[in-house]
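In the order they appear, the protein sequences are chains U and D.
Take any residue in the first sequence, count from 1 to its spot, add 31: that is its number in our numbering.
Take any residue in the second sequence, count from 1 to its spot, add 4: that is its number in our numbering.
There's no promise every hint is true.
[Claimed, not checked] Derived DMTMM-like pairs (lysine to aspartate or glutamate); straight-line CA-CA distance at most 20 Å:
{"#": "1", "chain 1": "U", "residue 1": "Lys127", "chain 2": "D", "residue 2": "Asp61"}
{"#": "2", "chain 1": "U", "residue 1": "Lys127", "chain 2": "D", "residue 2": "Glu72"}
{"#": "3", "chain 1": "D", "residue 1": "Lys87", "chain 2": "D", "residue 2": "Asp67"}
{"#": "4", "chain 1": "U", "residue 1": "Lys127", "chain 2": "D", "residue 2": "Glu107"}
{"#": "5", "chain 1": "D", "residue 1": "Lys48", "chain 2": "U", "residue 2": "Glu63"}
{"#": "6", "chain 1": "U", "residue 1": "Lys127", "chain 2": "D", "residue 2": "Asp60"}
{"#": "7", "chain 1": "U", "residue 1": "Lys127", "chain 2": "D", "residue 2": "Glu101"}
To be clear, the hints were calculated from the coordinates, so they are not data collected in a lab.
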Amino acid sequence: AQRVTQPEKLLSVFKGAPVELKCNYSYSGSPELFWYVQYSRQRLQLLLRHISRESIKGFTADLNKGETSFHLKKPFAQEEDSAMYYCALSGGATNKLIFGTGTLLAVQP
Amino acid sequence: EAGVAQSPRYKIIEKRQSVAFWCNPISGHATLYWYQQILGQGPKLLIQFQNNGVVDDSQLPKDRFSAERLKGVDSTLKIQPAKLEDSAVYLCASSPEGTRRQETQYFGPGTRLLVL
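The shape of chain U in the complex, shown without the other chains (with noise of 0.2 Å):
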């Protein structure tokens, strides 16, 4: 079955420290991975994916096929980072997205 897995609901972390938001996934076949983020009042937004190989606002995230994970890294934490990470893939030919639960992130000044 194909499923994403958060295991952290809320994650707080001072301003200044590493973050690392966890994501496992279940998928028989090669999926692409996301992170989407929702700020306070607005709207759910791409992040990033892995196939781009890109670092935005400072984060970055390494598909790792082994070990079927694709956590969120920043090696510096910021206030204006607090929000709500949701991990998704997507397979298959519909491009249908499967969601994670979720991690808030709660950076602390």
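Since the structure of chain U is provided, determine the placement of chain D on it from the hints.
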């Protein structure tokens, strides 16, 4: 460019009543999605349209939910009759083509439904 528009933003109804949500995707986007997001969970796809045809409705409770996209542009999602467990945020999203897995989906602000 204008984003995905949804209305209403909030709706409160009693169980067994009917309700309809409207979505206008980004101009020119071929694919439109409706998601249901229950509190504490991630969005779950209900139905996906490619132009005015249904691509995936495998998780749509068809005994009470219906959706249409008659002219391949805007779309309505209806619930009739509503149940308590339908309380959720209903998100609409669109993407340019929908045929590539790397494609970005653009989300609307959502409609928050409360069924009493």
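Evaluated hints:
no. : hint                  : in the structure
1   : Lys127/U <-> Asp61/D  : 11 Å, holds
2   : Lys127/U <-> Glu72/D  : 18 Å, holds
3   : Lys87/D <-> Asp67/D   : 12 Å, holds
4   : Lys127/U <-> Glu107/D : 10 Å, holds
5   : Lys48/D <-> Glu63/U   : 17 Å, holds
6   : Lys127/U <-> Asp60/D  : 8 Å, holds
7   : Lys127/U <-> Glu101/D : 12 Å, holds
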